[in-house]
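Trainee: Mind docking chains B, C and D on chain A? Use the hints.
Protein chains: 4
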Amino acid sequence: MLVYQAVALLEERVPHGKTPYGERFRVPIIGGSFEGPDLRGHILPGGADWQLLRADGYLELIADYYMETDDKVLIKVNNRGLVQTVPGSDGNRYAMTTPHFEAPIGKYGWLNQLIFAGTVVPGDSKVPAVHLAIFKLV
Amino acid sequence: MLVYQAVALLEERVPHGKTPYGERFRVPIIGGSFEGPDLRGHILPGGADWQLLRADGYLELIADYYMETDDKVLIKVNNRGLVQTVPGSDGNRYAMTTPHFEAPIGKYGWLNQLIFAGTVVPGDSKVPAVHLAIFKLV
Amino acid sequence: MLVYQAVALLEERVPHGKTPYGERFRVPIIGGSFEGPDLRGHILPGGADWQLLRADGYLELIADYYMETDDKVLIKVNNRGLVQTVPGSDGNRYAMTTPHFEAPIGKYGWLNQLIFAGTVVPGDSKVPAVHLAIFKLV
Amino acid sequence: MLVYQAVALLEERVPHGKTPYGERFRVPIIGGSFEGPDLRGHILPGGADWQLLRADGYLELIADYYMETDDKVLIKVNNRGLVQTVPGSDGNRYAMTTPHFEAPIGKYGWLNQLIFAGTVVPGDSKVPAVHLAIFKLV
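Residue numbers (numbering that gives the first Met the number 0), protein chains in the order written: chain A, 0 to 137; chain B, 0 to 137; chain C, 0 to 137; chain D, 0 to 137.
It is worth saying that the hints were derived from the structure and are not from the lab.
Accuracy of the hints is not assured; some may be wrong.
Note: identical chains are not told apart, hence a pair may lie in one copy or across any two.
[What the hints assert, rightly or not] Subject to a maximum C-alpha distance of 20 Å in a straight line, what follows is the list of computed SDA-like cross-link-like pairs (lysine to any residue):
1) Lys135 <-> Met95
2) Lys106 <-> Pro121
3) Lys17 <-> Ala54
4) Lys135 <-> Leu58
5) Lys135 <-> Arg79
6) Lys71 <-> His130
7) Lys75 <-> Gly108
8) Lys71 <-> Pro14
9) Lys106 <-> Asp55
10) Lys125 <-> Gly30
11) Lys135 <-> Trp49
12) Lys71 <-> Ser32
13) Lys75 <-> Glu34
14) Lys75 <-> Ile61
15) Lys106 <-> Ile61
16) Lys75 <-> Pro121
17) Lys106 <-> Gly35
18) Lys71 <-> Val13
Bound-form chain A, shown alone:
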């Protein structure tokens, strides 16, 4: 069941080189918005997606950032995922993720109390961006 769709605005991906864990990249998260049946608002600047190109060729994502609802509640997001390639396509890619939220107890406290999954696909606009769809698992 859909919780929200979002667009995250990014800066260009920055290579950090080969570290002891694999090749690393950083993608600054500089804004965006999210909207769903029970919550909507914007993504705060100041987060990042810290990516690892692993020894098995998969790109692992760990995105840490913050969102603010339209009624001024702040929510932390930790979204861990893996980039997949669409079979039979011309290398089209998307990511499956398992976001964890930390919200204050109260109106949005249910974000702390469910398990979620999501997809991330590249945007098609001129500026770097990704489109997210977040679902609750029931």
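Mentor: Structure of chains B, C and D alone, referenced to chain A:
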């Protein structure tokens, strides 16, 4: 799509008292077995589920343990979840979880390359145990 | 042995309210500089210190941010710590921390290969800032 | 300042093969004891040291286990470290670590409120074991 079903054998839950993060409990994992279309084997003794009773009344699970397939491949499991109560029931409880696996590159390497969700329900036997069902999200 | 001293420039602390883990605060990290015998450079904007006021009254810090050396090497910092009060003082506070670095293999690869500790003290300037001193443990 | 010295009893190291993060090993922790000026007791069976041989040739340790004091208080230990080689020696090795403790609020609550470092050296006995010395940083 089902990846495997498992029974994890446990010791009785041990209260660790109130720590700075909330009330803590430890459940030793002492064995068990798992079986699915593409993998089967047993759960090694020596893991634990480190539980947190949070300020919002939810019980959070972080289970770390190891499995061995019937062809002797070792797999690490980190399974994080939250205990839920079945609405309208007499307090029946289950947990939704998001397991992460670390397997060697090779036959079971696909466990590193997908996103999973699972359920955990109490066993009905005389000995402490839980039943797990693990699914891949596609 | 001193590795570097740093000044981190901050935005004002933002309360996130009471979450299931305790009371949370976020301190955006927007710049700064570091200098030591073997490395110097600046702190990138776009990090944050995600703080938890725990049930035992201690404030726990988890700062994630990025630094760039003067020769353009990028380093990730994860700095976990606890705020302490100076005994006998008028409530003067500092933090002890254990920073972990992830640097590319090469000139600064030794940051991946040692264990570090540090102190964080509030700055005395008009703008929000902290002063850090990072040491290697040998 | 010394907090405690400990002997951890181990099983033989088990290779888990090459995973997407590097080569992995598991060392089951099956017992042991610790003693210091302000606490003493034993190490519970059921923990493990989950080791990673990284791309830079360093062995990284993440040991999770539980201790019980002689007055029956349970303490969780997460001890992260790196194996070092003694320069000029015939390959003698030790590890530097930064342990984090989670203890119940009360008599041993100070373990939650300080920052610690430690050393781990191999035992010289016939059975697999390591000797730890844990210090508080002040």
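Trainee: For each hint, tell me whether it holds in the structure or not.
Mentor: Taking the hints in turn, this is what the structure says about them:
no. : hint              : result
1   : Lys135 <-> Met95  : both (13 Å within a copy, 11 Å between copies)
2   : Lys106 <-> Pro121 : neither (31 Å within a copy, 30 Å between copies)
3   : Lys17 <-> Ala54   : both (11 Å within a copy, 9 Å between copies)
4   : Lys135 <-> Leu58  : between (24 Å within a copy, 18 Å between copies)
5   : Lys135 <-> Arg79  : both (15 Å within a copy, 15 Å between copies)
6   : Lys71 <-> His130  : neither (23 Å within a copy, 31 Å between copies)
7   : Lys75 <-> Gly108  : within (12 Å within a copy, 28 Å between copies)
8   : Lys71 <-> Pro14   : between (34 Å within a copy, 11 Å between copies)
9   : Lys106 <-> Asp55  : between (42 Å within a copy, 12 Å between copies)
10  : Lys125 <-> Gly30  : within (15 Å within a copy, 28 Å between copies)
11  : Lys135 <-> Trp49  : neither (24 Å within a copy, 24 Å between copies)
12  : Lys71 <-> Ser32   : within (13 Å within a copy, 32 Å between copies)
13  : Lys75 <-> Glu34   : within (16 Å within a copy, 32 Å between copies)
14  : Lys75 <-> Ile61   : both (13 Å within a copy, 13 Å between copies)
15  : Lys106 <-> Ile61  : neither (27 Å within a copy, 26 Å between copies)
16  : Lys75 <-> Pro121  : neither (22 Å within a copy, 25 Å between copies)
17  : Lys106 <-> Gly35  : within (15 Å within a copy, 40 Å between copies)
18  : Lys71 <-> Val13   : between (31 Å within a copy, 12 Å between copies)
Of the numbered hints listed earlier, those contradicted by the structure are 2, 6, 11, 15 and 16.
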